[in-house]
Structure formats: C-alpha cells, structure tokens
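Novice: Protein chains in written order, with my numbering: chain A, 1 to 527; chain B, 1 to 31.
If you're looking for bench data, these hints aren't it; they were derived computationally from the structure.
Incorrect hints may appear among the rest.
Pairwise CB distance ranges (calculated) [stated by the list, open to error]:
no., chain 1, residue 1, chain 2, residue 2, range
1, A, 311, B, 18, 32 to 38 Å
2, A, 318, B, 25, 49 to 55 Å
3, A, 376, B, 7, 52 to 58 Å
4, B, 30, A, 338, 37 to 43 Å
5, A, 459, B, 30, 26 to 32 Å
6, A, 160, B, 18, 48 to 54 Å
7, A, 194, B, 18, 24 to 30 Å
Don't be surprised by glycine CBs; every beta carbon is placed ideally from N, CA and C.
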Amino acid sequence: MKDDPAIPTGSRQTWGTRWGVVLALAGNAIGLGNFLRFPRQAAENGGGAFMIPYFVALLVIGLPMMWMECAIGRFGGKHGHGHTAGMIASLWNHPAAKYVGALGVFLPFTIATYYIYITSWCLAFSVFSLLGTYQGLESRQQMGAFLNAFQGVTPDGHFGSVLTAYGFYVVTMAMTVAVLLGGVAKGIERLAKAAIPTLFLIGAFLAVRVLMFGTPDSALPDRNVWAGLGFVWNPRFDALADPQVWVAAAGQIFFTLSIGWGIVHTYASYLGENDDVALTGAATVGLNEFAEVILGGTIALTAAVAFFGVDATREIAESGSFDLGFQALPVIFQRTAGGGLVGCLWFLLLFFAGLTSAVAMAQPLIALLEESWNVPNRRAVLLVCGALFALTHPVILLKGHGYLDELDYWAGEVGLVVFGFLEVVIFAWIFGIERGWQQIEHGAAIRPSRVFMPILEYATPLFLGGILLLWLWHEVPAKLAMKDVPAQDRAALIGARIVMVALLAATFQIVRKASQNWGKGASRFVK
Amino acid sequence: MTTAGSIFMAVSWGAIFGLNIYCLWHLFRSE
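Bound-form chain A, shown alone:
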C-alpha cells in the first residue's frame, strides 16, 4: 500500500501495509471483553444456544456494519476527515450531521478515561503474578480483598493506598502516549504488528494449558475441563424464547467488534481511496471472533469449572467479569505448575488486548484536532492524553462508588448503540444504500454478497432500534432514577453524569468551530 499512487501521500497520514491495517483494526476490536465478557454472556444466556442469536447478530449487525464503517471511514479520508464529525457531515448535508458524528469522537474519549486505568490493572497483575505478590491467597475472597486494596477501596497489608495502582496507571498512560506520538504507521501499526501476534500466541498457549488441566482433583471427578466446556457450550434452547438473550447477543457483537465507537472510521480514513475495505473488514471480524469464541470461550470459564465446579462458577460469572479474570483465575493458576508464569501470561494477554484498544480510543479526537484545528500531531497527542490523564483521576479516586460503572453504562453501552443506530440510518437511508454499497464494493479484494444490502437497509436499523426501545422500556428509567443506588454513592453518579454532559458539550463546541474550516483547509481534497 505504501506505493499505491491512490493514497494522497503528503496530505494525511497513511498505513504502512495492508497487514498493518488489519492488525490495527483487530487490535482495536480485540479487547478485555473478548476474554472476560463473552464467556460470561454465553454461559448466562443459553450456553451453546447463545451462539444462534450470536451468529445471527454477527451477520445482521457485525459484518455489514464493519463494512459500512470501513467504507464511511475511507470516504471521509478522501474528503480530508479522520473523524466521524466530518464524515457524517460528508454523507448528510444537514447542520445536525456534524453533531451526530461528534458522538464518534465523544464516546471513545469518554470510555478511554476509565479503560486505560483498567488496562493498567492488567499490567500490574502480570507483574504481581511474576513476583508472587499474591502468592498464598488461595480463595477468591482473599483475591477480591487484594484487588480492592490495590484499587484503594479497602487498604490492607498488601496495599496501604491507591499509589501502586496510580503508578501502574502512569506507566500505562506513558506507553499510550509513546505509541500515539509515533503516529499511525510508526506508532499504532507498529504496536499492532507486535502485540496482536503475541496476543494470539499467548492465547493459544493458555487455551492448551487450560485443556491440559483435565480433572485437577481426582476426589471431585465432576470438576473437569470437559464439564467446563459444557458449561459454555451445552445448549439450552428455551433461552431462545427470551428477547433478553437476543439483546445480549446483539450487544456482545456490537461491543466486541467495536462498532459505533467512531474508531473503525478513523482507522479506515488512513486508507487510500482505492484500497479495499471488504476484505479488510471481513478479516478484522474473523480475527476478533477467533480471539473471542475460540480463545475467550476456552480459557476463563473452562478453568473455573475445572477447579471450582459448575455452581461456584455460575456464582462467579453472575458477580461480574472482573471477578472471573482478577479473582478466580489467579487462584486457579497458583494451584498449577508454573502458576506464576501462567498468571503473568494471562494478564499480559489482557494488557495487550487493552493497550491496542486504548490507543485507538484516543485517535478520533487527535485526528479532529489535527485536521480541523491544524494542531500539530505531537501537540494534539499531548493535549488529548493530558485531558484523559486529568479525567481519569475521579475514576481512580471514586472507585467503589459506581463512578466508573456509570460512565460505562451511558457511554460504553447506551451511547454506542445510539450512535450505531444513527449512522446506519444516515448511511442506508439518507446517503442511500445503493451509493453506500458502491462505496463498500469500490476497490474490494473480495465481492461482498448483495444479500447484505437489504440487511443493512432494514434488518440492522430494526435490530438496533429494537435494542434501544427495549433498553428505554426496561432499564433506562430505573438507571436515571438511580434505583437501588446507596445514598452515599449518588453524588459520584451525579458527578459522572455532569462530566459526561460537559464532555459532550465541549465536543459539540470543538466540532462546531472545526466545521467552519472544513470548506477551507482540511476538506480541500473533496474535489
């Protein structure tokens, strides 16, 4: 691709190689959710039967929207836009378009304010595993106390304050800055080329290691890896009658492929105008699904059932993804040969998955500042990361009070689906599905089936609209009213909402001002 004359060299940054684009997009998509969220969702929502709505959602939402976002991104890049605010405005000539697109800048930035902190826990725990810091903590409850002390929620003998966690956060933030300062080809692409193959190697090693656990305790023959795989995969067909299971599957596809974030668009904007998006999108989906279904579906819950049994694992899965990853697995790995190293690799796997996603989340705002405000790349990176650094402090200090969860619910769940729904409606109905599909087919290295045209036009918006309506009906009123939230935590939740509203208003303002330059500077490549 470097030598492709179609790439407007000298005007915008570009990817170095085709493999680099695919690995960077896969790095963005593969995150903590692949290894922690997916197995829990599958086990809770019908086991193997969950894969029916999961694959339906992959075909109705995942693959077509991945193609759509890649095509919108490349189209935007051709028009000089590396951010969805400008891209959506290119698709829809309406004053509101840029504000819809602004969501694709606001959402990843808001999520990054807590995601980088969570990624830093993985780095910390990989070091702790190697040093044997939690050696001897043999129950999940003890590991839970260790995690809480590390996060500064309830200090104990291991950690007197949140300072250790803060130190690892600073290191992770510095790594994020270093990668972003390298730019698209020498920073993000280079990281992806090193981290993603390493992640797959570690994942494959861990999956094989878990399968070799066999029956860890011969006195408890029911607890074995075969039962663990059964816990994830045995189908319960009655679950398919429950609409919540379909919503869970659609949500999982949405989150795992990082659709509705505005990041795929930004990455695809660095493609040349005649570069393929169809194969790139399909390969990204394939790699992500490999990491999620084959590796993610084998490691965590299988190990948990083999050591704790089905009932305890169900309890762990219901209490949350982090309980599984940060409490149950370290206890398990300690009981096995070379447990320190295996634990270290497990958390390194999560760290690589997190870091490649973290750098992606900062890039849309960097692109907006760079291209629409003419801020030099270095200064844009430092500005965005400085703001992220400042905004992570309430996340660190209010851990245990629901601040992080509140950001995650509104930005990391509802916000993504809202933006995904709006962009698919604009692409298929306003820009027009015929023109849109031509964009997907343009330069394609594989021919995407036209069956996906009516799917993208009708089924995808209906599916996403249905999810939004279900949420509005079932969850949002109770969330807004802060039902079941302890009185002492309400201030933290209100604080999170104020921060989100302020960030959204600031993004709108930045986009409004930036749009005044779109006709003059950045968009000079339109014609």
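Given chain A's structure and the hints, the job is docking chain B onto it.
Specialist: Just chain B, lined up with the frame of chain A:
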C-alpha cells in the same frame, strides 16, 4: 459436555476457522 454442546462448539469453531482461512488466503493472494 453433551453431544449437542460438542456439535455447537465444533460448528462455531469451524465457521470461525473457515472465515479466517478464507480471509488469510485472499490477503496473501492480494499481497
């Protein structure tokens, strides 16, 4: 794991392996 569970796992894994082989084949071919 039940037979049905094994079938679901095998079919899911097969579909994902298939997609990856298809994409890798085309990626290598277009290099």
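Novice: If a hint holds in the structure, say so; if it does not, say that too.
Specialist: Checked hints:
1. A:311 with B:18: 32 to 38 Å: The hint (32 to 38 Å, Cβ to Cβ) holds, given that residue 311 of chain A and residue 18 of chain B are roughly 36 Å apart.
2. A:318 with B:25: 49 to 55 Å: Cβ of residue 318 of chain A to Cβ of residue 25 of chain B: about 41 Å, so the range 49 to 55 Å is violated.
3. A:376 with B:7: 52 to 58 Å: Holds: the Cβ-Cβ distance is about 57 Å, inside 52 to 58 Å.
4. B:30 with A:338: 37 to 43 Å: Roughly 41 Å apart at Cβ, these two residues keep to the hinted range, so it holds.
5. A:459 with B:30: 26 to 32 Å: holds, 30 Å
6. A:160 with B:18: 48 to 54 Å: The hinted range 48 to 54 Å holds for residue 160 of chain A and residue 18 of chain B, with Cβ atoms some 53 Å apart.
7. A:194 with B:18: 24 to 30 Å: holds, 27 Å
Of the hints listed earlier, the one the structure fails to meet is number 2.
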